[in-house]
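As they're listed, the protein sequences go chains E and X. Using the working numbering, you'd call the opening residue of the first sequence number 18 and step up by one each time. Using the working numbering, you'd call the opening residue of the second sequence number 18 and step up by one each time.
Fair warning: there could be bad hints in the mix.
Put simply, identical chains are the same to the list, so a pair is met inside one copy or across any two.
[Said to hold, decoys possible] Here are the simulated lysine-lysine pairs, DSBU-like style, with alpha carbons at most 30 angstroms apart:
id, residue 1, residue 2
1, 275, 319
2, 434, 209
3, 254, 209
4, 275, 252
5, 319, 305
6, 319, 329
7, 275, 254
8, 305, 329
Hints listed in this document are in silico derivations from the structure and should not be mistaken for laboratory results. For clarity, every value in this text was computed on a predicted model and none was experimentally measured.
Each chain, letter by letter, is given below.
Protein chains: 2
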Amino acid sequence: MKESKTAPLTLPSDVPEETGGPVFALERFLARQLLAFTGNAPIALILWNGEEIVTNPHHIVAHLHIRDRGALWKLCLNPDLNFGDLYSIGRVDVEGDFLRFLETVYTGVSNTPPPAPLKKLRRFLNRPRTNTLDDSRGNIQHHYDLGNDFYELWLDNEAMQYTCAYYPEPNMTLEQAQRAKMDHVCRKLQLKPGDQVVEAGCGWGGLARHMARHYGVNVTSYNISHEQIRYARAKTKEQGLDSRVTYVEDDYRNIDGKYDVFVSIGMLELVGRNNYRELGRVANNCLKETGRGLIHSIGRNKAELMNAWIEKRIFPGAYPPSLSEMMEIFEPYRFSVQDVENIRLHYARTLAHWLERFEKNAHQIEKTYDRAFVRAWRLYLAGSIAAFTTASLQLFQVVFTRERNNNLPSSRAHIYK
Amino acid sequence: MKESKTAPLTLPSDVPEETGGPVFALERFLARQLLAFTGNAPIALILWNGEEIVTNPHHIVAHLHIRDRGALWKLCLNPDLNFGDLYSIGRVDVEGDFLRFLETVYTGVSNTPPPAPLKKLRRFLNRPRTNTLDDSRGNIQHHYDLGNDFYELWLDNEAMQYTCAYYPEPNMTLEQAQRAKMDHVCRKLQLKPGDQVVEAGCGWGGLARHMARHYGVNVTSYNISHEQIRYARAKTKEQGLDSRVTYVEDDYRNIDGKYDVFVSIGMLELVGRNNYRELGRVANNCLKETGRGLIHSIGRNKAELMNAWIEKRIFPGAYPPSLSEMMEIFEPYRFSVQDVENIRLHYARTLAHWLERFEKNAHQIEKTYDRAFVRAWRLYLAGSIAAFTTASLQLFQVVFTRERNNNLPSSRAHIYK
Chain E
18 MKESKTAPLT LPSDVPEETG GPVFALERFL ARQLLAFTGN APIALILWNG
68 EEIVTNPHHI VAHLHIRDRG ALWKLCLNPD LNFGDLYSIG RVDVEGDFLR
118 FLETVYTGVS NTPPPAPLKK LRRFLNRPRT NTLDDSRGNI QHHYDLGNDF
168 YELWLDNEAM QYTCAYYPEP NMTLEQAQRA KMDHVCRKLQ LKPGDQVVEA
218 GCGWGGLARH MARHYGVNVT SYNISHEQIR YARAKTKEQG LDSRVTYVED
268 DYRNIDGKYD VFVSIGMLEL VGRNNYRELG RVANNCLKET GRGLIHSIGR
318 NKAELMNAWI EKRIFPGAYP PSLSEMMEIF EPYRFSVQDV ENIRLHYART
368 LAHWLERFEK NAHQIEKTYD RAFVRAWRLY LAGSIAAFTT ASLQLFQVVF
418 TRERNNNLPS SRAHIYK
Chain X
18 MKESKTAPLT LPSDVPEETG GPVFALERFL ARQLLAFTGN APIALILWNG
68 EEIVTNPHHI VAHLHIRDRG ALWKLCLNPD LNFGDLYSIG RVDVEGDFLR
118 FLETVYTGVS NTPPPAPLKK LRRFLNRPRT NTLDDSRGNI QHHYDLGNDF
168 YELWLDNEAM QYTCAYYPEP NMTLEQAQRA KMDHVCRKLQ LKPGDQVVEA
218 GCGWGGLARH MARHYGVNVT SYNISHEQIR YARAKTKEQG LDSRVTYVED
268 DYRNIDGKYD VFVSIGMLEL VGRNNYRELG RVANNCLKET GRGLIHSIGR
318 NKAELMNAWI EKRIFPGAYP PSLSEMMEIF EPYRFSVQDV ENIRLHYART
368 LAHWLERFEK NAHQIEKTYD RAFVRAWRLY LAGSIAAFTT ASLQLFQVVF
418 TRERNNNLPS SRAHIYK
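Here chain E stands alone, though its shape is the one from the complex:
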């Protein structure tokens, strides 16, 4: 491989060595098309022969190395999907501020609508998986059963919350912010001792334990990740909370019983659009007349498909809804939406904390998995920060009650006391 003009980057060992050869005129054209797709972002493409392609030379943010001919063609065919794979195995690489590169590209792409036929093609190539009961199990195990040890390396060490934290004070630690998030949710739900709470999707069970310990409620939490349930049960027993918290290894669609409170943190973005009405049905069946609920989910300002690579490699079946799409949960059952809060930038901060810890442990993670895994997760975490800072993603917390529940607080001040 010919050296690029910029400092060489070490490549993972599994990259094919056939990366040399001349750059043809058509490939130069394709490289320019690729930059046009990013709204001519101030990015320098460095091709496999060291040639630099720039369409916007002002304040170049980063150099994107394209290590071989095949990588360029793949990027052009389906950039949304293939960038992640090529980056993971090192056939493309970024030199410069990775986060600024990602933010620049996200902003450029979202400001530059692709031509309609290309849009249709992308939509077809990138259509999300469906989530039947069986699919869901597979999709969730794909992600969450990677091993609790892996997540322990970079999530908060108190409650293992793999969802957006809440930083009412900007310089909070990750642990403080995850605690603040749980309290924020509990206050919004006006938990009172003795309440029966059902949780759809409980991760490693941190919120359930927090609710039981600090708010005196009984929690039944559903999750289909065997690894997480196992961890949650052990932790709960260890903390002496097992008389008040029950973990059920089952799908949210099988929730039964009657509850005062329905809560779901960071599950909706994984249930898939075609299941919103079903989720509403579940809440409708299980909530008592004075019941209240909260759904916390990644969302969008406007309906759009999930990034194809994230959907394929990281979160199969994922789809962050717009608010109008989320309303398909509530409106068919005349649930009354009481409060929606968008805490988008809190997720960027949470992810930055995660990425920092991830990087500290990257060496160890590489030993357990491999280099491509580390690079994939780095891209996923940094790319998610960029998605939140550039507002391609939102984070909505929606509080709802039954239609006829008139036992409502006279203001939201109680959340902030």
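Starting from the known structure of chain E, arrange chain X on it as the hints suggest.
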């Protein structure tokens, strides 16, 4: 007219005297159908010959007098529309707790879906008017140009707010609650001195003056009601605020210029569903990059037509949207919804304050207008209380920003300080 078994009610003088005559079997059947339509609410129908029809005798809430044969037929043909007219002119009347009667009927009707063909017929009979620029002027003048004197008799006497007040402390007076509402809106919008604010639909201009006086901002307010603009200008001059508040007698669709803040209180429910995208376009055109906006509107848990009588007699063209319908304002322009608050029960309280003052002045209002006018407004105010207490209507405040505005508060605590 034959006396009913219950205490006689005085009728307005314009009721036809042909109210006697026997009740036929078919009419008895129709009367029962009418009660079935209310989900067999515990209401006693008293027909023109004194005959009582009851389908649910447990804890009768009120007696509904149907004074003549024609009134029964009209009620059966189109109860949504005709009840209001018949009540106004006294051909039907309610004996007992009027509010409880209305709440019982609202609850019963909304729990009892009409058969599908009847639903279609009702939808056809009750389709709302469209709101072209010219229609809007007519529709608005119909209501707001009744005369400022009329509204002064029962609205708050400080700012003449004809929109939902805010009672963070339940025993606030109407004046305190309207002030609290304005401050709540200003805090949500994070007004700072020197901000340029544009207001779509300003009523008698109270919010604009409050913002200018207490938050040091410059306000340009649009309204198409000539009577209100005249009043607002006089009041603003009197208070020495005319250098900072400009009232424009024009439609919100003609707003131009660039602003830091877009605010619209109680206008959306009158603009009509087909104009939401246009309203979004206006906000999109006039908001600066760091701009923020607030829309305060009556809404629904689920899309539904406005009560036909209110739409015909009180608010031509009115339509309270569901949240998913409201999103048609924001999503096409990628506005970022930051905060939605539902203060439904605050409107019931506001209306109760209005009704109380209205009743105190009913005698005087009857002298200016007539008896039917007083009865129509009583029904409208009491009916609206019932609509809010039974959750047939909601009150949403939606705060939004431009997509890329990252200058967001770290929590909503500032609203409650």
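Results for each hint:
no., hint, verdict
1, 275 x 319, "between (34 angstroms within a copy, 24 angstroms between copies)"
2, 434 x 209, "both (16 angstroms within a copy, 25 angstroms between copies)"
3, 254 x 209, "within (23 angstroms within a copy, 52 angstroms between copies)"
4, 275 x 252, "within (26 angstroms within a copy, 56 angstroms between copies)"
5, 319 x 305, "between (33 angstroms within a copy, 20 angstroms between copies)"
6, 319 x 329, "within (21 angstroms within a copy, 35 angstroms between copies)"
7, 275 x 254, "within (25 angstroms within a copy, 60 angstroms between copies)"
8, 305 x 329, "neither (38 angstroms within a copy, 38 angstroms between copies)"
When each numbered hint is compared with the structure, a violation occurs for hint 8 only.
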